[in-house]
Every structure is written in C-alpha cells, then in structure tokens.
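> For chain A, the structure is supplied; the task is to place chain B on it using the hints.
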Amino acid sequence: MKSLYVVALWGMNLLVDSAGHLAFKAAAIENDTATGWAHWRHMLARPWLWVGIVCFIAEFVLWLAFLSVVPLSQGVLLGMLSIVIIMIGGRIWFHEHFTRLRVIGVALIVLGVALVGGAG
Amino acid sequence: MSDIRRFYFVGFLMLLVMDTFSQVCFKIAANHAEPFVLNFAWLLRVLTEPWVYGSIIGYLGAFVIWMTLLRKVSVGVAFAASHLEIIGVMIISVPLFGEHLNLVQYLGALLILAGVVCLAYSEPKEPQTHA
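Protein chains in written order, with the working numbering: chain A, 640 to 759; chain B, 63 to 193.
Here are some, though not all, of the chain B residues that point toward chain A, as calculated from beta-carbon distances under 8 angstroms:
hint, residue
1, L132
2, R133
3, S136
4, F141
5, A142
6, A171
7, L173
8, I174
9, A176
10, V178
11, Y183
12, S184
No farther apart than 16 angstroms at their CA atoms in a straight line, the calculated lysine to aspartate or glutamate pairs in the EDC-like style are these:
hint, chain 1, residue 1, chain 2, residue 2
13, B, K134, A, E669
14, B, K89, B, E161
15, B, K134, B, D65
16, B, K134, A, D671
17, B, K134, B, E185
18, B, K89, B, E111
What the hints contain is simulated information worked out from the structure, not anything from laboratory work.
All residues carry an ideal CB built from backbone N, CA and C; glycine is no exception.
Same shape as in the complex, but just chain A:
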C-alpha cells in the first residue's frame, strides 16, 4: 500500500513537471511577432502561462510530499525521468527533432545528474 502511494506521488510529480514545461513552451511561442512587454502582456492574457504556473505550484507541494517518503538522492534520480518525457513531448507537440547529437547530449546529462545525485 505504501509503495502504491510512493509510485502515485512519483507519477504526479512527473506529470506536473512535464506539463508545466510544455505549457511554458506553448506560452512562449504562441505570439512570435510581439517582443518585450507586448509579448509578456500577450502571454499573461492567455491561458498557457497560467497553466504552467499552476503546475509548478502543485509541483512544489507534490515534491515536498514525495521527498517525505523517499530520500533526496533517490527522489532526484526518479524525477529525472521528466527530462526524457519533456523531450518526447517536445517532439510530439512542437515537432522538435531527435538528432543523434541531441540524444547523446541528453543521455550524458541524465548520467551526470545520476552520478551527482547518487553520490551526494
């Protein structure tokens, strides 16, 4: 029962983290002609930026709840799955390409974060 709770918290953390960043991306590119203040006014008047902000407020609470049941280093390692999810989400919704160099770069970062987190 406890492990189900941990997995549920993990899943919810991944969900809000990934959704938040994808929502921010959607907000940032929605009106690509406006610059400076005009762009910010446009973003603030549209839902995507707010969707992202709500996701990160939820994540703050969910992350604290998650860390209360797993050690920090394990939490960091498990949370890293969002790097992969966001990359796949970017490919689906924003047509970002998986080039060989990008996949290698992301793999190195995942491995690096795992080493730093695991050894901390």
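Chain B only, in chain A's frame:
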C-alpha cells in the same frame, strides 16, 4: 559567434547565475531558520529571514530568462541543459558552505558539461530552418 549562438550562450549563463543565486539564498535562509520542523514557528522564521526574498527574486529573474529562451530553443533541449545549475550549485557550495565533493560527483559534473556542449553543437545556426 552568430547572433543566435550569442543569445543561447548569454541566456543560459544568466539562467545558471539566477538559479545558483536562488539556491544559495535558500540554503542560507534554511540554515538561519534551523531547526527544521514543519510548523508555523519555522515558517515564520523562514519568512522573516531576508535571504528568502533573495531566492524569490532569483526565481522571478530565472522565470523571465527561461520564458525568453523558450521562444527560440527546443523545450527538450533547454530543459536538459538547465541542469547545468547543478554544477553551479555544487561548485559554489565548497567555498560557501564548506561542503566536500567526491570523485564521482566531479565525474557527474563533467558528464553534464559534456552533455550541454553536445546540445549546444546540435542547435542549428538558424532556428527557423529546422528547429
């Protein structure tokens, strides 16, 4: 360096500085507010701690930079590259908080750096052509 390269370089550098600044302020605030107990008295100690407002300013600055970067950079690449923050925090923790780093952590930092260099080279010079 082309304009777009300079934009990436300056943007990610500023993001790194802002994120690191936030985390350092957070750590100092948390140290001052010890002992940590999740109750009202602790929350009050944190909120009356000036460093906590430094970290809020850092977060707001990072948010503005992040939204600006996302206009041009792929979100998958940008999010992975934002983990550069870990290196910034790790290195500054040694002189500031007397933390010790082991060999595995140095190796991890090196891999993150290598990964970010790969991502930097994977970005097309003109983002519109094949983003």
